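Q: Here is what each chain is made of, one letter per residue.
Protein chains: 2
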Amino acid sequence: MTRVRMDLFASLDGYTPSDLTPDSPMGEDWGRLTAAYAGTRTFREKIFGDTSGAGTTGVDERYAAAFFQGVGAEIMGAGMFGLHSHPDDPDWKGWWGDTPPFGTPVYVLTHTAPRPSIPMDGGTTFHFRDAPIEDVLAEATEAAGGLDVRIGGGYRTARSFLRAGLVDELHLLVAPLFLGRGYRLWDDLTGFENTYTVTTEAAESGVVHVTLTR
Amino acid sequence: MTRVRMDLFASLDGYTPSDLTPDSPMGEDWGRLTAAYAGTRTFREKIFGDTSGAGTTGVDERYAAAFFQGVGAEIMGAGMFGLHSHPDDPDWKGWWGDTPPFGTPVYVLTHTAPRPSIPMDGGTTFHFRDAPIEDVLAEATEAAGGLDVRIGGGYRTARSFLRAGLVDELHLLVAPLFLGRGYRLWDDLTGFENTYTVTTEAAESGVVHVTLTR
Numbered sequence: 001m002t003r004v005r006m007d008l009f010a011s012l013d014g015y016t017p018s019d020l021t022p023d024s025p026m027g028e029d030w031g032r033l034t035a036a037y038a039g040t041r042t043f044r045e046k047i048f049g050d051t052s053g054a055g056t057t058g059v060d061e062r063y064a065a066a067f068f069q070g071v072g073a074e075i076m077g078a079g080m081f082g083l084h085s086h087p088d089d090p091d092w093k094g095w096w097g098d099t100p101p102f103g104t105p106v107y108v109l110t111h112t113a114p115r116p117s118i119p120m121d122g123g124t125t126f127h128f129r130d131a132p133i134e135d136v137l138a139e140a141t142e143a144a145g146g147l148d149v150r151i152g153g154g155y156r157t158a159r160s161f162l163r164a165g166l167v168d169e170l171h172l173l174v175a176p177l178f179l180g181r182g183y184r185l186w187d188d189l190t191g192f193e194n195t196y197t198v199t200t201e202a203a204e205s206g207v208v209h210v211t212l213t214r
Numbered sequence: 001m002t003r004v005r006m007d008l009f010a011s012l013d014g015y016t017p018s019d020l021t022p023d024s025p026m027g028e029d030w031g032r033l034t035a036a037y038a039g040t041r042t043f044r045e046k047i048f049g050d051t052s053g054a055g056t057t058g059v060d061e062r063y064a065a066a067f068f069q070g071v072g073a074e075i076m077g078a079g080m081f082g083l084h085s086h087p088d089d090p091d092w093k094g095w096w097g098d099t100p101p102f103g104t105p106v107y108v109l110t111h112t113a114p115r116p117s118i119p120m121d122g123g124t125t126f127h128f129r130d131a132p133i134e135d136v137l138a139e140a141t142e143a144a145g146g147l148d149v150r151i152g153g154g155y156r157t158a159r160s161f162l163r164a165g166l167v168d169e170l171h172l173l174v175a176p177l178f179l180g181r182g183y184r185l186w187d188d189l190t191g192f193e194n195t196y197t198v199t200t201e202a203a204e205s206g207v208v209h210v211t212l213t214r
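These protein sequence lines map, in sequence, to chains W and X. Numbering follows full-length UniProt numbering, in which position 74 of the first sequence is assigned residue number 74; successive positions increment by one, without gaps. Numbering follows full-length UniProt numbering, in which position 110 of the second sequence is assigned residue number 110; successive positions increment by one, without gaps.
Bound-form chain W, shown alone (with noise of 0.2 Å):
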C-alpha cells in the first residue's frame, strides 16, 4: 500500500534554510545542514554522480539509501524544481541534470502557465500541476503504482502536506548546529507527533534521525 513520506531537514533550533536562492539552490546554510548526508556514499553517487563507492557507511548512509527505496511518484514544489530561475524559457528542465536522482514521476506544483511534461534520462519524468495538492497526490499515488510518493520540498510545499494531515512516515533529520536563520517548520504545528510513533536514532556524525511513523 502505497505510504506518504516526507524527508525534512532542520537545525537544533527548528529552523530550515531560507537561503537558497535561484543562483545559489544550495546556499551556505543548507549545505552545513546536509553535510554529513552528502558524503554518504549513498548521496555521493545518487546527487553527485561519484560512482567511485567513496563515502561514508554508517547510521546516516542506511537513512540515505532508505531515502531512494521504494518510491514510485514525487511531488514537489516549483522552487525544488528550479522553475522560479526561468520563469519564461520553456525549454529549461530544472536544475538536476540530465539525469536527475528521481527516476519516477515527479509532479511539480506551480500557478504559472501550463507547461508540457518533461520526460529525462534516468526514467524522471517531470509533471507540471496546478491544483489542490490532494487532487496532485491522488495522481501521483496512482502512478506510484502500490510504491510510496514523496513529498519533496520547498519549505511551503512541505509544510501544506504536513498542515493537511497527508504525511504517513516523516524522517527529520537534525544536523547538531544552531542556525539561528531560516524559516520555522513547525509554526502551527504543536503537538503534530500526537498521531504518530516517534523514533530518534543518533548518527556517527552527530546528526540526529528522527522518525514520525503512523
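A couple of the hints might just be wrong.
As the list claims (entries may be wrong) - Derived DEER-like restraints, expressed as beta-carbon distance ranges:
| # | chain 1 | residue 1 | chain 2 | residue 2 | range |
| --- | --- | --- | --- | --- | --- |
| 1 | W | 68 | X | 98 | 52 to 62 Å |
| 2 | W | 18 | X | 57 | 35 to 45 Å |
| 3 | X | 145 | W | 57 | 24 to 34 Å |
These aren't lab readings, by the way, just hints derived from the structure by calculation. Just so we're clear, the structure is a prediction, and the values are computed from it rather than from any experiment. Ideal placement from N, C-alpha and C gives every residue a C-beta, glycine not left out.
Since chain W is already given, all that's left is putting chain X on it; use the hints.
A: Below, chain X alone, put in the same frame as chain W:
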C-alpha cells in the same frame, strides 16, 4: 579545575516552556518535555524523594546521574528559586522543599532588596545577589572549591550566561515533540556550537542528549 556547566531542556522546534508560573512552577509543557528525565531513578530519588530505587536506568539515567555529580555551587534566577511568587515574604524559602536537591551553595540572582542567606537541610544554602553575572560566577567558583559551577534556569538566566560565553559544557536534552510555544532558547546565538565539540546520543525514551564541550 572548575568548569561552568549548564543543562537545558528543549523541544524539536527549539522551544523551552514558558508556562511556568508562580501557581504552576512546572506547567504542562514542562512536564511533557521532562517526562523521561523525571522517570529516571536519579530524578525520582533526588527531586521526588522516592528512595525505593524505582525508575528507569538507561541512557536518560546516565545523564540524570551526571547532572548531580561534581557540582560545587549553583547559580539560578529568582524565578527558579521561586522568589516572584512571594516577593514580600522575607521568610519564604523557595519551592524546593525543606531539603533542596542541590546540596551546595546556590546563588540566586535578584534585583529585589537584599535578603539574608538561607541555610537549608541537606547542604544547600541560598544566597541572594544583585550583581553582574561575572561577579556572581567568580564568587560561585570560589565557593565550588575546584568542583563545577552549574548554571540553572530560568530562560533569561541561562541565556545571559550563554550569550556572555561563560558556559564550558552544555547538556541539551531535546524531547521528541513539537511544543510550538514557549521561549526561543537560541535566538541571537547563531553558530553557538562553533567553539564547542558537539556530540549527540539518543536514549531509549526517544530523548536526544546533545553535549557541547569546550
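Q: Each hint: holds or not?
A: Hint by hint, here is what the structure shows:
1. W:68 x X:98: 52 to 62 Å: Holds, at about 60 Å.
2. W:18 x X:57: 35 to 45 Å: Holds, since residue 18 of chain W and residue 57 of chain X (Cβ atoms, about 43 Å apart) stay within the stated range.
3. X:145 x W:57: 24 to 34 Å: violated, 48 Å
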